[in-house]
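Position chain E with the ligands against the provided structure of chain X, taking the given hints into account.
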Amino acid sequence: MNTIRQFHDVINDSDGYARRLKNDSGKKILGYFCSYTPEEIIHAAGIHPLRLFGTRSAIAHADAHLQAYSCSLVRGVLEEALAGRLEFLDGAVFPHTCDSIQRLSDIWRLNLKFSFHSDVVLPVKLDTSSARQYMGDVLRKFKRELEMDLGLSITDAQLSKSIKTFNTIKRALGKIYRLRSANPGLIAGADVYALVKSAMIMDRADAAEKLTAVADQLEKTKAAGADSGKRIVLSGGLCDHADIYSIIEKSGGAVVWDDLCTGSRYFEGLVSEGGDPIEALADRFTERVVCPAKHSSITARGDGIVGIAKEHRASGVIFLLLKFCDPHSFDYPYMKEMLDREGVPSMLMEIEQDLPSEGQLSTRFEAFIEMLR
Amino acid sequence: MSEEHLKKDPEKEKMKVKSIKKMKEIMTAYYIDAKTAAQNGKKVAWITSGGPVEPLIVMDAIPVYPENHGAMIGASKMGVDLCEKAEDMGYCRDICSYARSDIAASTVNGGPIGGLPAPDFLVCCNNICGTVLKWYEVQARYYKVPLFIFDTPFCHTEFSSEARKYVRSQIDEYIKFLEVVCGKKFDMDKMKEVGRLSLQGQRLWQDVLDTTMNKPAPMSAFDAFFHLALIVTLRGTQTAVDYYTMLLEEMKERAAQKIGAVPNERYRLLWDNLPVWFKTKWLSDKFASYDACLVADTYTSAWCGSLEYLDENDFLGSMVEGYTRIYLNIGVDEMLKIIKKMIKKYDVDGIVMHSNRSCKPYSLGQYDIMKSLQRDTGLPSLMIEADMVDERAWSESQIETRIDAFMEIIKQKKG
Ligand code: SF4
Ligand code: SF4
Chain X
1 MNTIRQFHDV INDSDGYARR LKNDSGKKIL GYFCSYTPEE IIHAAGIHPL RLFGTRSAIA
61 HADAHLQAYS CSLVRGVLEE ALAGRLEFLD GAVFPHTCDS IQRLSDIWRL NLKFSFHSDV
121 VLPVKLDTSS ARQYMGDVLR KFKRELEMDL GLSITDAQLS KSIKTFNTIK RALGKIYRLR
181 SANPGLIAGA DVYALVKSAM IMDRADAAEK LTAVADQLEK TKAAGADSGK RIVLSGGLCD
241 HADIYSIIEK SGGAVVWDDL CTGSRYFEGL VSEGGDPIEA LADRFTERVV CPAKHSSITA
301 RGDGIVGIAK EHRASGVIFL LLKFCDPHSF DYPYMKEMLD REGVPSMLME IEQDLPSEGQ
361 LSTRFEAFIE MLR
Chain E
1 MSEEHLKKDP EKEKMKVKSI KKMKEIMTAY YIDAKTAAQN GKKVAWITSG GPVEPLIVMD
61 AIPVYPENHG AMIGASKMGV DLCEKAEDMG YCRDICSYAR SDIAASTVNG GPIGGLPAPD
121 FLVCCNNICG TVLKWYEVQA RYYKVPLFIF DTPFCHTEFS SEARKYVRSQ IDEYIKFLEV
181 VCGKKFDMDK MKEVGRLSLQ GQRLWQDVLD TTMNKPAPMS AFDAFFHLAL IVTLRGTQTA
241 VDYYTMLLEE MKERAAQKIG AVPNERYRLL WDNLPVWFKT KWLSDKFASY DACLVADTYT
301 SAWCGSLEYL DENDFLGSMV EGYTRIYLNI GVDEMLKIIK KMIKKYDVDG IVMHSNRSCK
361 PYSLGQYDIM KSLQRDTGLP SLMIEADMVD ERAWSESQIE TRIDAFMEII KQKKG
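First to last, the sequence lines map onto chains X and E.
So the first sequence is residues 1 to 373, counted in this note's numbering.
So the second sequence is residues 1 to 415, counted in this note's numbering.
Here chain X stands alone, though its shape is the one from the complex:
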């Protein structure tokens, strides 16, 4: 599809995109790292929230601050910043997730001189009323911080408008995902990846409009050829590799859904558009599909992946885990076990910013996909 090209252009040069956006609109840009960032609040302040991913460049600067046993996301983002390639940022927002991001925040604050820095220290457990209360309190605190530091005020009306924009994006992505699940031949995995990633990079009003258009167009399209791939679900932290999708496809699989931070965990669960907007955001963070760094019940993630596998009739699940990511590593054994019990085969693939060679990947994916029913 011709229009999908533009999303690939965005993700292939996200820094360039951000620079242009800043030049053209004069907007401030805040970088962020994880799907627990209250993007709506940032956006409502007239600031552009930009999700930061690692780097494809060699690590030259970050090694002086982070041990080799840090995940490639944390090292990669710090590398980008220290190398001066994120000079267009006005600051960064660090939601409290894992121990590594937490320390990245410290190291960032001490070594980089962006004007804005904020730690959004969310609750770690999400299943009590005091945690829910605290969630709201933290979001209000973050809003105050933005207002004070940047000398502006964020009205409820602006917040509600932002919430609508983000909901539109999330609805469109959800629709695209569901269309693909119903008909995996409809759109290539790498294209869906480009759409999701763009949603975290592009101007949000623009993204809302364009993603909705793509979703509508896909809905009207008849199946692009019969699909014969085995139905695959991806699970893990973030996947920043378009190649993975095409290698899976070449190996006889088709990704039909995922449980990724750069995937369904990002767009599932809309924010209520009525009532107090901050409370609505707090509700969504509390109720959304949980990340391993947060707690909602001891089996929440296992139940989640089993639910996804069933709903989307997965033939198999591929766990894509970033090396040195503690929270995800801890969840893998029990999630696998729960899938085993349901008769859903799974495989584990440890990845870093640099992928193993395509040959190596295909061999492993092919072996796995071949044994799927």
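Just so you know, the hints here were simulated from the structure itself, not pulled from any lab data.
Keep in mind that the hints are not guaranteed to be accurate.
[To be verified] Cut-off 20 Å, straight-line C-alpha distance, at most; resulting in silico cross-link-like pairs (DMTMM-like, lysine to aspartate or glutamate):
no., chain 1, residue 1, chain 2, residue 2
1, E, 413, E, 253
2, E, 192, E, 312
3, E, 144, X, 337
4, X, 141, E, 94
5, E, 411, E, 400
6, X, 323, E, 172
7, E, 190, E, 207
8, E, 18, E, 253
9, E, 144, X, 303
10, X, 323, E, 385
11, E, 185, E, 172
12, X, 323, E, 87
13, E, 165, X, 279
14, E, 414, E, 265
15, E, 144, X, 127
16, E, 176, X, 279
17, X, 27, X, 149
18, X, 113, E, 333
19, E, 165, X, 145
20, E, 85, X, 145
21, X, 27, X, 147
22, E, 371, X, 63
23, X, 323, E, 94
24, E, 165, X, 149
[Stated by the list, open to error] So, partial list: chain E residues that the calculated Cβ filter (under 8 Å) puts toward chain X:
no., residue
25, 114
26, 126
27, 134
28, 138
29, 145
30, 147
For each residue, glycine too, the CB sits at the ideal point set by N, CA and C.
For chain E with the ligands alone, kept in the frame of chain X given last:
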């Protein structure tokens, strides 16, 4: 061959810390108690090392510390075997080796004491890391027991009023949880007593650590690693208070007689991060061979680092701050401030940093701490790459070379 059968060397006898025997007795009794808890109608609670244990003592539940168990596993060199078992279970080699060895030990009753007694419930306080949350979720599934999470928001530079309110409300939730799982009412009067004993124990522990301000230092960080067990496991009890009273006396006595942990103490060093449990003796001897004594460390002082926030007259209320603002729950710059204070206080000549492969909250940021120290104080520092339990992360020749080079620098600086 026991030492008693050897002819006693009076010089060596003088060097020995006598309290060690008492400590071993207490710990043995404690573990027997914990292992026979069910027979005696007592509940066993697993709790994280930095967790609020005092309310458990009030409820007469026996607190058990998987991390302490991890340390024992490491010290008895059973870590690799258990870590590999965990890896066979699907846990990746990069996660905390305390967690790995504990998770595996549960399934095979492994480790030096044949496994920990099964918990009746779990208390997880995330003031030390996010790892414990995941680890306790694993154990809650394995043992099918209730899990209470005491969530202490990270304080990069501030302890926000929002967080304070949140933690405060969790104290009430904690007590309610305990009343349910223990099936009895929480005794507020007893809480006062336990709180008082906890504070007394912590003060004594700080006093013990402070005896190393003496030159020579009557004990070293390696001794502190050992004597730490009680302030972790029996904080809030008279036993801990009595033990540290005795230990303090002994240390004061040694200081008065100028008996040093390292016979000819010439250089004084500070240790950062967890011990390398399986190599404490080697490391201690290695530094001693240079007449260097590790007189202080950032690890053992964590169990008395919140004294300034705790209030004897309102222990429960002051737990909010006391348990949130602890060493591992603060920003790198805040940690640096504490290290700088310790450098002054203990008058150290250099700092040894253990870059601990499986503990990210402790280790990430160490490079920045090192650089700042070098810049602001000119203090030489050494980075040792290792792990607290997993011996596979230990490369002796490399570490030895580094220590040799580091000690040369210290020598040149100090003469
Ligand atoms: S990949 Fe894992 S370790 Fe890295 S930042 Fe994300 S959650 Fe943390
Ligand atoms: S990660 Fe570090 S702080 Fe956490 S349990 Fe392991 S050793 Fe302790």
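When you check the alpha-carbon spacing of residue 85 (chain E) and residue 145 (chain X), does it fall within 20 Å? violated, 47 Å
Holds or violated: residue 176 (chain E) and residue 279 (chain X), Cα atoms, limit 20 Å. Since the Cα atoms of residue 176 (chain E) and residue 279 (chain X) sit roughly 27 Å apart, the hinted pair is violated (cutoff 20 Å).
Checking one constraint from the list: CA of residue 113 (chain X) to CA of residue 333 (chain E), max 20 Å. Satisfied? Holds, at about 15 Å.
Please work out if residue 144 (chain E) and residue 303 (chain X) have their alpha carbons no farther apart than 20 Å. holds, 16 Å
With a cut-off of 8 Å on the beta carbons, see whether residue 134 (chain E) makes it to chain X. Nearest chain X Cβ about 4 Å off; hint holds.
Sort out whether residue 253 (chain E) lies within 20 Å of residue 18 (chain E), counting only the CA atoms. holds, 12 Å
Take a quick look at whether residue 323 (chain X) and residue 87 (chain E) sit within 20 Å of each other, Cα to Cα. holds, 14 Å
Is residue 27 (chain X) within 20 Å of residue 149 (chain X), Cα to Cα? Given that 20 Å is the threshold and the Cα spacing comes to 15 Å, the pair holds.
Would you mind confirming whether the straight-line C-alpha gap from residue 323 (chain X) to residue 385 (chain E) stays at or under 20 Å? holds, 19 Å
Check whether the Cα positions of residue 165 (chain E) and residue 145 (chain X) lie no farther apart than 20 Å. holds, 19 Å
Agreement of residue 323 (chain X) and residue 94 (chain E) with the hint, judged by alpha carbon distance not exceeding 20 Å: Distance ~8 Å between residue 323 (chain X) and residue 94 (chain E) Cα, so the pair holds.
Proposed proximity, residue 63 (chain X) with residue 371 (chain E) (alpha carbon, max 20 Å): At roughly 13 Å apart (the allowed maximum being 20 Å), residue 63 (chain X) and residue 371 (chain E) satisfy the hint.
Checked against the numbered hints above, the structure breaks hints 1, 4, 6, 7, 16, 20, 24, 25 and 29 and satisfies the rest.
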